[in-house]
Amino acid sequence: MNVPQSLKYTKDHEWVRVDGDLAIVGITDFAQHELGDIVYIEVGTIGETLDQEETFGTIEAVKTVSDLFMPVGGEILEFNDELESSPDIINKDPYEKGWIIKVKMSDVSELDALLTADQYLELTGA
Amino acid sequence: MGARMVPFAGFYMPIQFEGINAEHETVRKSLGVFDVSHMGEIWVRGPKALELIQRVSSNDASVLTDGKVQYACFPNDTGGIVDDFLVYRFGEESFLLVVNAANIEKDWEWINLQNEGINASLMNASDQISQLAVQGPLALKAMQKLTKEAIVEMPYYTFKKLSFAGAEDVILSTTGYTGSGGCEIYFNNNDGITIYQAVLDAGAEFGIKPIGLAARDTLRLEMGFCLYGNDINDQTSPIEAGLGWITKFSEGKDFINRDELYRQKNEGVTQKLVGFEMLDRGIPRQHYSILDHDGQHIGEVTSGTMSPSLKKPIGMGYVKTPFAKAGSTIYIEVRGKALKAEIVKLPFYKP
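Chains S and R, in that order, are what the protein sequence lines are. To convert, note that position 15 of the first sequence is 14 in numbering that gives the first Met the number 0; the numbers rise steadily by one, no gaps. To convert, note that position 114 of the second sequence is 113 in numbering that gives the first Met the number 0; the numbers rise steadily by one, no gaps.
Since the hints were made in silico from the structure, they are not lab data. Fair warning: this is a prediction, and the values are worked out from it, not measured in the lab. C-beta: ideal position from N, C-alpha, C; glycine also. Treat the hints with caution; some may be incorrect.
[What the hints assert, rightly or not] Now the stretches of chain S that chain R is said to cover, found in silico as 3 or more residues with beta-carbon under 8 Å:
#: 1; region: 17 to 27
#: 2; region: 94 to 103
[What the hints assert, rightly or not] Some chain S residues judged to face chain R by a derived CB distance under 10 Å, without partners named:
#: 3; residue: 53
#: 4; residue: 57
#: 5; residue: 59
Input sequences plus hints: build the corresponding full structure.
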């Protein structure tokens, strides 16, 4: 299982790449593997400002529907709209081409609550 | 085999192996093998065998000849369905009923209850018989390597008892739950490992793969086949469910709830099971509400998925009869939004 050291993680199996006050968010390799073939992704919250742990969208595999949660609070600036036509990009490349949203963080100190790669690995029992 | 396993009806079952879409495509294009040993098998024998079956089955088993299979359901006496099943005729006084795993106990009790006063001989062989479904356009060609009996030309819904992969008394029927052709193979549990390995070996040159329950569901849904517990249950009538074609009101066939179902067939029903395709983006799921264009509730989704073959979201559900015609526009309530969908004829997909 691939868990890059440079990223932050949540217990909901999301990752965050931090660039100043910008957070790029996706789901982990573990999550995409657990979900199986991803067939649909919906983010109807572009332009909205949401709190940490609020639902910003939905991801669907063939058999399951899961909510996507804000790893940190902030304004949702952008959605990776390539995922609309090809949601399986997340299965193939969860950490790069499979990013989901970009968030302008309201409070960067919220990052402190996230997991390191090692803590996340421990959580998934790998 | 790297399978992801889940508990199902008391068995520990593979939900998927390499991925639903890949497994689905394998069955549509070549062949795959499903371990469906959890299915139930009940023998009905003796001089009263047919009488009992005619009493409990919606279909007319009197038209069966030896070697023929028939799809049917057990209507209950309150308007619903106890289970759907297959009937195999082995002889005038010998029939095998193949029922859903989750319903084995319920069916067994139901049949025994109806057998009071008829006294056919009943045997629940579910724990002795294993079953593999080998499905796909190349399935029969591959399985032909394992038996001397000719199976490639067997008509749909027939069966043979044969020697298969070195095992005796194996039952092979040209039935299945995928719409892609192939067969279902029944055998003694003791022959399980030998036969499973032989099936994999025989199919290897054609690219056989083990298929999980999840792809079994997408394959059957593309065909519009009902799944008990989703699309039909103890409350849904076979007439509402579009199973009028297996509900036969033949002269002298006095099956359970015949009068009420006959009335429904003649006078019509207030809701019908339909298939629909999404026009807006979104995937229908079981229990989502179905709305009309004014937002009024007109029904509920019973099955839904992204169709791997069609690459579009499809579903089945009950709607009020005026909305049931192909071409009608309905709306599926997905997370608070009403998404447009269109009623279509079944099957969704023709392999």
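Against the structure, the hints:
| no. | hint | in the structure |
| --- | --- | --- |
| 1 | 17 to 27 | violated (count 0) |
| 2 | 94 to 103 | violated (count 0) |
| 3 | 53 | violated (14 Å) |
| 4 | 57 | holds (7 Å) |
| 5 | 59 | holds (5 Å) |
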